[in-house]
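Visitor: Chains A and B, in that order, are what the protein sequence lines are.
The opening residue of the first sequence carries number 1 in my numbering; numbering runs sequentially from there.
The opening residue of the second sequence carries number 112 in my numbering; numbering runs sequentially from there.
Since the hints were derived computationally from the structure, they do not count as laboratory data.
Bear in mind the structure is a predicted one, so any value in this text is a computation, not a measurement.
It cannot be assumed that every hint is accurate.
Unchecked claim - Okay, derived cross-link-like pairs now, PhoX-like style, lysine-lysine, Cα gap no bigger than 25 Å in a straight line:
#1 K60(A) - K168(B)
#2 K36(A) - K7(A)
#3 K57(A) - K13(A)
#4 K168(B) - K37(A)
#5 K152(B) - K129(B)
#6 K168(B) - K147(B)
#7 K36(A) - K147(B)
#8 K18(A) - K7(A)
#9 K118(B) - K57(A)
#10 K37(A) - K149(B)
#11 K41(A) - K152(B)
#12 K118(B) - K41(A)
#13 K38(A) - K152(B)
#14 K61(A) - K168(B)
#15 K148(B) - K57(A)
#16 K37(A) - K124(B)
#17 K60(A) - K200(B)
2 protein chains.
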Amino acid sequence: MHMRELKWSPEEKAIARKAFNGSLQRELASVMAEFKKKAEKIQEPSEMWDLEEYLEKARKKIDRDYDYRYSVLPEVFGLLISQGRLSEKELAGLGEDKLSMIRRIVSFRSE
Amino acid sequence: MHMRELKWSPEEKAIARKAFNGSLQRELASVMAEFKKKAEKIQEPSEMWDLEEYLEKARKKIDRDYDYRYSVLPEVFGLLISQGRLSEKELAGLGEDKLSMIRRIVSFRSE
Numbered sequence: 001m002h003m004r005e006l007k008w009s010p011e012e013k014a015i016a017r018k019a020f021n022g023s024l025q026r027e028l029a030s031v032m033a034e035f036k037k038k039a040e041k042i043q044e045p046s047e048m049w050d051l052e053e054y055l056e057k058a059r060k061k062i063d064r065d066y067d068y069r070y071s072v073l074p075e076v077f078g079l080l081i082s083q084g085r086l087s088e089k090e091l092a093g094l095g096e097d098k099l100s101m102i103r104r105i106v107s108f109r110s111e
Numbered sequence: 112m113h114m115r116e117l118k119w120s121p122e123e124k125a126i127a128r129k130a131f132n133g134s135l136q137r138e139l140a141s142v143m144a145e146f147k148k149k150a151e152k153i154q155e156p157s158e159m160w161d162l163e164e165y166l167e168k169a170r171k172k173i174d175r176d177y178d179y180r181y182s183v184l185p186e187v188f189g190l191l192i193s194q195g196r197l198s199e200k201e202l203a204g205l206g207e208d209k210l211s212m213i214r215r216i217v218s219f220r221s222e
């Protein structure tokens with residue numbers, strides 16, 4: 001079965017949304033902490049433009065990785081888990097059809 | 112006479128370069144001070160993207176305004192003086208041909 005064909009129940013959607021948002025919030029908080037540390041250390045004007053680039057890259061990576069469409073969500077969760085940005089426990093309650101697909105993606109990405 | 116036709120002596124070029132760099136350094140220092148203040152105050156991740164935009168705009172404005180080509184330099188100095196980012200005193204030593212052109216630009220811009 002392709003992930004586009006998965007059916008998500010309302011309960012599964014709530015679990016998915018919570019896991020997705022939790023990971024996104026942690027990611028944003030971590031970028032923000034790093035950004036504030038970098039900003040504080042700036043001594044030369046040229047370093048501001050490095051930081052502008054850092055922010056742009058972080059924003060684009062987040063925009064790219066956090067795509068909440070059910071048709072790609074297993075891929076998104078697989079990516080986040082394989083990179084340690086989400087734990088499988090946060091997905092507890094999803095149907096086995098989604099979990100097994102996510103695990104396959106994780107193991108594929110970890111190879 | 113058009114400003115493109117002005118001849119700049121080595122002494123005038125040194126004065127122009129010093130005034131230009133001085134204004135640019137002040138501008139960068141001021142953007143940096145403002146940036147650090149803003150960065151320190153950030154509480155929400157979304158504010159980072161506002162700051163990214165602030166940096167991008169500041170960088171583009173500086174790139175646009177600080178154009179060190181002799182063919183446009185009187186225009187650049189006129190702009191900087193009319194906006195209080197350079198004082199005419201810093202241009203002391205330039206020939207009257209340049210100074211009168213710069214003053215015309217300043218008075219035109221101040222109208």
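Visitor: Are the hints correct? Go through all of them and say.
Guide: These are the hints, each one checked on the structure:
1. For the given pair, K60(A) sits about 18 Å from K168(B) by alpha-carbon distance, which is consistent with the 25 Å threshold.
2. Pair hint K36(A) plus K7(A) does not hold up; C-alpha atoms about 41 Å apart against a cutoff of 25 Å.
3. Taking the CA atoms of K57(A) and K13(A), the gap is near 29 Å; set against the 25 Å cutoff, the hint is violated.
4. Among the hinted pairs, K168(B) with K37(A) is consistent with the structure: their alpha-carbon atoms are about 22 Å apart, no more than 25 Å.
5. With a C-alpha separation of about 35 Å, the suggested pairing of K152(B) with K129(B) is violated against the 25 Å cut-off.
6. Of the supplied pair hints, the one linking K168(B) and K147(B) holds, its CA atoms being roughly 16 Å apart against a limit of 25 Å.
7. Distance restraint check for K36(A) and K147(B): the Cα-Cα separation of roughly 9 Å lies within the 25 Å cut-off, and the hinted pair is therefore satisfied.
8. Between K18(A) and K7(A) the alpha-carbon distance is near 18 Å, which keeps this suggested pair within the 25 Å criterion.
9. Our distance criterion of 25 Å between C-alpha atoms is broken by K118(B) and K57(A), whose separation comes to about 45 Å.
10. For the proposed pair K37(A) and K149(B), the alpha carbon gap of about 13 Å is at most 25 Å, so the pair holds.
11. Using a Cα cut-off of 25 Å, the hinted pair K41(A) and K152(B) holds, with the two alpha carbons roughly 15 Å apart.
12. Taking the CA atoms of K118(B) and K41(A), the gap is near 44 Å; set against the 25 Å cutoff, the hint is violated.
13. Annotation: proposed proximity of K38(A) to K152(B) holds, straight-line Cα distance about 14 Å (limit 25 Å).
14. Proximity of K61(A) to K168(B) is assessed by CA-CA distance (about 21 Å); at most 25 Å being required, the pair is judged to hold.
15. Our distance criterion of 25 Å between C-alpha atoms is met by K148(B) and K57(A), whose separation comes to about 22 Å.
16. Under the criterion of a C-alpha separation no larger than 25 Å, the hint pairing K37(A) with K124(B) is inconsistent with the structure, at around 41 Å.
17. As the CA atoms of K60(A) and K200(B) are separated by approximately 46 Å, the hinted pair breaks the 25 Å bound.
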